[in-house]
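*Asks:* This is what each chain is made of:
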Amino acid sequence: MKEHMNTSERLQQVFRKVFQKGDLLISPSTTAKDIRMWDSLTHLELIAAVEEEFGIKFSFSEVMQFNAVGDMLLAISRKSGEI
Amino acid sequence: MIFNSLIFLCFVVVTVIINHLLPQRFRSVFLLFCSLSFIGYYNLESLVAVLVFSLFTFYISRNVRGNRVLYVAGILLNAYAVIMFNYFFATREGFDFSYTAISFNINSFIIALGLSFYALQNIAYLTEVYFGRWQPEISYKNLLLYNSFFPKVASGPVMLPREFMPQIDRNAITQERLITGFNRFLLGLFKKMVIADRLAPAVHSVFDFGDANCGLTTLAGAYLFTIQLYFDFSGYTDMALGIAKMLGYDLKENFNLPLRASSVSEFWRRWHISLISWFTAYVYYPLVYRLRSYKKAAAVLGILATFLISGIWHGIGITFFLWAFCHIVYLIFELFTKRLRSGLSEKPSYLFYRLAGIFIVFNAVSFSNIFFRSGSLSSASLMIRNLFSGFLPASWLRDFVAPLAVGGHQVDEFNFYISIFMAAGFLLFEKTINRLANSEAFSFYYTTACVLLIFLLGIFSNGERFIYMQF
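Chains A and B are the protein sequences, given in the same order.
1 is the number of the first residue of the first sequence in the working numbering; add one for each residue after it.
1 is the number of the first residue of the second sequence in the working numbering; add one for each residue after it.
It is worth saying that the hints were derived from the structure and are not from the lab.
C-beta atoms are modelled at their ideal positions from N, C-alpha and C, and glycine is treated no differently.
A few of these clues could be false.
Quick list of in silico lysine-lysine cross-link-like pairs, BS3-like style, CA-CA up to 30 Å [as the list claims (entries may be wrong)]:
no. : chain 1 : residue 1 : chain 2 : residue 2
1   : B       : Lys-347   : A       : Lys-57
2   : A       : Lys-21    : B       : Lys-252
3   : B       : Lys-347   : A       : Lys-21
4   : A       : Lys-33    : B       : Lys-141
5   : A       : Lys-57    : B       : Lys-296
6   : A       : Lys-17    : A       : Lys-57
A short, non-exhaustive set of chain B residues, derived as facing chain A with CB atoms under 8 Å [as the list claims (entries may be wrong)]:
no. : residue
7   : Lys-295
8   : Ala-298
9   : Ala-299
10  : Leu-301
Just so you have them, the derived chain B footprint on chain A, three or more residues with Cβ under 8 Å [claimed, not checked]:
no. : stretch
11  : 31-39
12  : 57-65
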């Protein structure tokens, strides 16, 4: 559980940095609709920042299937060998 | 067979009735026959091209999964189809939007008929099969119906295999669908005949006469063209969706109140949605994914590539390049001002920010549309010169009313005001009107109002063709 919290918190930091909004809060159900600046122009910038933070690489089809923060969290856990 | 011509109307009625009466298993063959007849009605060249390119795509797709060489060959073949046909189009006839010539200048759009939209769908199909996201079709008939289904072959919406293929051989004709399809068709006819075609003379007068109009008149002409293009193209889409629905198929929505967008990137999520999502899926994302470590520079390159290809897809020529260039500049500007704009949106009020955004976006899009509409660089530069020289008219009646209310008589002026009133009223109550058109319950008032308005105020005489049919 603690591990999961850490991943969420780190991810939140990445979101705050990319969208340059210090008070941004995310949850597994957050989608692009909830964050005004999250669109196709910034999606891959976000992905690149997540990859850099966690030292992982997402495949193209994974990137295309991220609909919510929860999908991203799952993929990060899977890639980091936590599941 | 233009969508708003009498012969097309007869064709649709007969097709819907026969399709409805036929047993389910014969319907797809019948619809394919109708679609090929629709293409062949214009000229056999297009029909032969559709059959040949589909056959190539069909055989390539059987072995394309994971085979990069074959995949690239398939893409090039279909890209060649787009370029070749657009090039023929550009050199043989030039782009002619002339109000009087347009209905007679059929040759030019025959050449391009369907092939631009048709090839995009072939490319989508090959890509999905290549990456293993879609099984290759075992039936040539189904592939042919997917890319040449007549309601969408001329101007979209662009459908992906997973959106269209499962609908083939699905028994989906019900009374509700016949009613909603018919209502949607009427809505499109209304948009085209009562709004778009009524605005056409004013737009034609400002764009094509080469007069030195004052700034305000030129601005009005550019605004009216954006509105005309919207009603023309979304009207076409409504008709396509309506016809498809009556035949048992659901096509993708192509517009979502685009003139209410408060940023250009939002505009592109609301305007010609099926085309832009094709470009996003097959050009923008694959490119930016590969370059993502370059962060913002990757997005800039993605925007450049997407709009340059989109510009070429619309037509080869400097005016389409400049149209694309405008949108590249707008989107890159938005990319780098995201944070600033996000901060601005919270003060002084969100409503004010939205309204200001809508006004700015409408102006930016209308400006880019000057290039889209002008047949040549010289007429586009005349428009821009006019726009920035002497803004207010010296004589209101002579320099503003007369060029817009073509004809110059009082009745023409009155007629022009009716057109403006209809367009403004529609844009203001668009959501409610769309809801009425899509409602499943048969609305006697809605249908009667549409039919009455079309007969009372619609333009019948010149058979203005759809602007987007040429792409």
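*Asks:* Against the structure, test the hints numbered earlier, and report the numbers of the ones violated in rising order.
*Replies:* 1, 2, 4, 10
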